[in-house]
Each structure stands twice: as structure tokens, then as C-alpha cells.
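K.L.:
Use these hints to put chain C onto chain E, whose structure you have.
Read off the chains here:
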Amino acid sequence: MNKTPIRVVLGKFGLDMHDIGVKFVARGLREAGMEVIYLGPFQTADTVVGAATTEDVDVVAISNVSGEYMVYVPELLTKLRERDLDPVVIIGGLVPDKDKHVLLQLGVDGVFGQGSTLDSIVDFIRNAVAKRSAVQRA
Amino acid sequence: MSADPRTLSRVQIARLISGLERGDTAASSATAAVHGVSRVIGITGVPGAGKSTLVDALVALYRLSSARVAVIAVDPSSPLTGGALLGDRVRMNRHAADEGVFIRSMGSRGRKDGLGPAVQDSCRLLASASYDPVLIETVGVGQVELGVVECCDVRVLVLAPAWGDYIQAAKAGLIEMVDVIVVNKSDLPGAAALIQELEQVARRQDGTRSVKVVSAIATHGENGIREVRMAIDDAWSALAREGMRNRRLEALVSELVSRVTASFAVGPMRSAVEDGTTFRLAESVYNGQSSVHEAAGALFREAILRSGRRE
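Sequence lines, in order, name chains E and C. Offset between the first sequence (1-based) and our numbering: plus 7. Offset between the second sequence (1-based) and our numbering: plus 424.
A couple of the hints might just be wrong.
Here are the in silico distance ranges between beta carbons for each label pair [claimed, not checked]:
1) C:G472 to E:M24: 21 to 29 Å
2) C:R439 to E:V78: 29 to 37 Å
3) C:R430 to E:H108: 45 to 53 Å
Stretch by stretch, here's where chain E covers chain C in the computed footprint (C-beta under 8 Å, at least three residues) [claimed, not checked]:
4) 435-449
5) 511-517
6) 525-536
Calculated lysine-lysine pairs in the DSS-like style (CA-CA distance at most 30 Å, straight line) [claimed, not checked]:
7) E:K30 to E:K10
8) E:K10 to C:K536
9) E:K86 to E:K30
10) E:K138 to E:K107
11) E:K30 to E:K105
12) E:K30 to C:K536
Read the hints as simulated data drawn from the structure, not as lab findings. Virtual Cβ for every residue (Gly too), placed ideally from N, Cα, C.
Bound conformation, chain E alone:
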């Protein structure tokens, strides 16, 4: 295994405790060859940014079924920018289309609502990370 694995921080904001979906994604990303730094539920923008900093991740992935992402995402994106961090940010879970639109406008890279397949998430991550590092090298 010569290729450096993609590193992903994966967690849930706020009080949303439904973690079956996020654990499923964690296992799927691992099977796709990624290093998954699993934070679990009860995260805040500060704890996610703290983890993203020391873990030098390529991706920040948040899962929520309770709409809490709306509360935390703007703060998350601001704090990442403040620290000069630019990981791929994706939100998944129960995300209605109108929220998806808002999240993308805020600067989230990808949104995966109900019915999204693991394959589509993996492909998206691989492409987005490749694009980021091409830009950095340029």
C-alpha cells in the first residue's frame, strides 16, 4: 500500500444521537482505504476544528438527522478559514433540498441527503481531494 490514505474527520454536531448512519459511513470509508478519525456525536465547531487541525485531515464530514448542521456549519467554515485550513467539507444525513442549497452557498463542498449511496460519497471525496491537492501543487 504505497498510496497515502485520505484522512477524514467524521462526527455529528449537537445533541443528535442517531449514530447508525454515521457508523455505517465510517466503516464504508475505511473499506474504501481511508483513515477515518471518528469523533462521534456531541461535537461543536470548536471540537471539530481542533481535531481537523492536529489530524491534518483532507476531509471534514458531518452527519446530522436533526437539522443541527445549520447552527454549527457557518461557525465551522469561518473557524477553518481563520486557521488557514481548507479541507473538503461534506454534510450528510437528513438534509432537505432547501438546506442543501444554503449549505452549498455557505461554502460546503458536498451535501449528501437521504438516499445517497456510499459509493457516491467515496467518489466525491476522492475527486474533491485530488482537485484540492492539484490546486495546492500548482
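P.N.:
Relative to the frame of chain E, chain C by itself:
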């Protein structure tokens, strides 16, 4: 790298560590030769013993008197996919917002024994950036963790009263190699018996070394955690008075050997596999044309030749 490691930002340190994981030579040459004054504490034990919860509690305690505390949490990577579920951090993430705590999760990335150069160099980097202590948490099963604890100044084994941990640890010779044994989850049945058994073994050590057995319930805040910390600090002080030099030298010898063995394996041995040399030798044994010993000798000489060409 000319910058004083103590002036590096967390982002810079994190990126350097990534470089070390990738094997970037620039990053490797940036690491200091020794740990210096930082305490490096190795914490191992079987999965489920509660290591991460214990580390979380220890970080909180150490943080009261230390401006910078670091944790390197190592988990196995899948040999098939290269992926890893790095889930130790989940139990310590309350410290994620604390700028004085640096937690890094690392996958074993194909290493089969010991911690490997990336973990060891990252530990040095953090120590030279004034992180003290640096706690290295690893899963230990069987023989593997002997190499794992070797590079640490103070070695802690975490057991829980279930699954015949003691037998495993005794078989692996770990009991003799560690400084502190924590019987975690000591509210579970079997704890008292396990503690008694361990204390008997610890007493039988020759006078020069004794293993401190501590009982704890890591999830319950104060329960035993201060005692664990005291045992660690006492072990450190004892080493500082006598034995630190020997311990660190032994660890460096071991590290030099494994680095060279690894690069020998990666370079010449891998090329011999890739170009079919090894396979042809295997065939000659299979077909009865040569013995295994002859074939191994031929492969060894070929590998030496190739490594000579490399230099």
C-alpha cells in the same frame, strides 16, 4: 529545518507529522535526536480494556500542571484496503478545543510490529516542541506490543478483569517489561482476584525493578486516576535517578535495527519479489532443485548486491 520546534504552530506540527507518515526526508531530518526532558509514556493493552478513557482522564490531570500535553493514538490499518478506523479520539475529544492538548491519530499503515519511524519521529517532534508528557496509546495483542512499549520511557499496561488478559499479558512477557499495570474497570467481578495475582507477580521481581499495580475505574473521574498518575510519575523519577540512559539506549538500538531491517525489506527484497527473482527461487525449491536454505542464501546474497547498488 532551522525553526525552533517550540515556535511551530499546531497546524505546522500536524503537517510535519503527515510528512513523517509519508516518509518525506525533509520532515525526518527535522526531528530531534532525543526526547530531551519530556516524559514519553506508552500505554498498551487489549482492545476494550479502557485505554482511551484512561488516557482522556490522564490528559485532564496532566494538563493541570502542564502547558502542553500530547497524545499519539495508534490503531491498526486494514492490510487489504489500507483504511483504518481511528476511534481512540472519540473518548478524548473533549480536549479537542484545548489549544494546549495535541491529539494525533495514526494508522499502522502496513507495519506489523512495533511503532515504526513515523510514530517515533512524531513523538520526538512533539517532545522537542515542549509537549510533556507525550502519551502513546496502542492496541497490544500478543508479541506485537513488546516492540510498542520499547521506545517509551514509562510503560503502562492496561488490563480489565475479563477475557484472561492476565494470561495473555504473562505469555507475552509484558508483565516483566512494564512499569505500571492498571486494572481498569475494577468495579467488574474478578477485579480483586486479578489485582491480587498481579501483585504477587510484581513482588517476585528481582529487587531492581518492581511493577506497580493500580486499580482504577477510568470512567468515574477521580477513581484511581490520581494513583495511576502517581505511579507513572514515580516510575519516571526512579528512572531519572538511575536507568534512563540505559533504557533509552536500548530503545535506540532496537529502533536502529528495525529501521535498517525495514529499509532492507522495502528496497532490495521488494524488488526481488517484483521482478520474479524470489518466485523463481521458490519454484526451484518446490521442484526439488534446491533446498530452502540454499534458496534463502541465494536470495540474501542477491539482496545484499542490490542494496550495494542502491547506495
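K.L.:
Would you mind confirming whether the straight-line C-alpha gap from K30 of chain E to K105 of chain E stays at or under 30 Å?
P.N.:
holds, 26 Å
K.L.:
Please work out if K30 of chain E and K10 of chain E have their alpha carbons no farther apart than 30 Å.
P.N.:
Holds - the C-alpha atoms of K10 of chain E and K30 of chain E are around 24 Å apart, at most 30 Å.
K.L.:
Could you tell me whether the CB distance from G472 of chain C to M24 of chain E stays inside 21 to 29 Å?
P.N.:
holds, 22 Å
K.L.:
Check whether the Cα positions of K30 of chain E and K536 of chain C lie no farther apart than 30 Å.
P.N.:
holds, 26 Å
K.L.:
For the region 435-449 of chain C, do three or more residues have a beta carbon lying closer than 8 Å to a beta carbon of chain E?
P.N.:
Satisfied; 8 residues make the cut.
K.L.:
At a Cβ distance under 8 Å, does chain E reach at least three residues of the region 511-517 of chain C?
P.N.:
Result for this restraint: holds, n = 4.
K.L.:
Given the proposed pairing of K138 of chain E with K107 of chain E, does the C-alpha separation stay at or below 30 Å?
P.N.:
Holds: K138 of chain E and K107 of chain E sit about 22 Å apart, inside 30 Å.
K.L.:
Count the residues of the region 525-536 of chain C whose CB lies closer than 8 Å to any CB of chain E, then report whether that count reaches three.
P.N.:
Answer holds; 7 residues pass the 8 Å Cβ test.
K.L.:
Kindly confirm whether 45 to 53 Å is satisfied by the beta carbon distance between R430 of chain C and H108 of chain E.
P.N.:
Given a distance of about 46 Å, which is inside 45 to 53 Å, the answer is holds.
K.L.:
Check the hint pairing K86 of chain E with K30 of chain E against an upper bound of 30 Å on the C-alpha distance.
P.N.:
At roughly 26 Å apart (the allowed maximum being 30 Å), K30 of chain E and K86 of chain E satisfy the hint.
K.L.:
Mind checking the hinted window 29 to 37 Å against the Cβ distance between R439 of chain C and V78 of chain E?
P.N.:
The hint (29 to 37 Å, Cβ to Cβ) holds, given that R439 of chain C and V78 of chain E are roughly 30 Å apart.
K.L.:
Are K10 of chain E and K536 of chain C close enough, with their CA atoms no more than 30 Å apart?
P.N.:
Measuring from Cα to Cα gives roughly 18 Å; hence the hint holds.
Consistency with the previously given hints is maintained throughout, with no hint failing.
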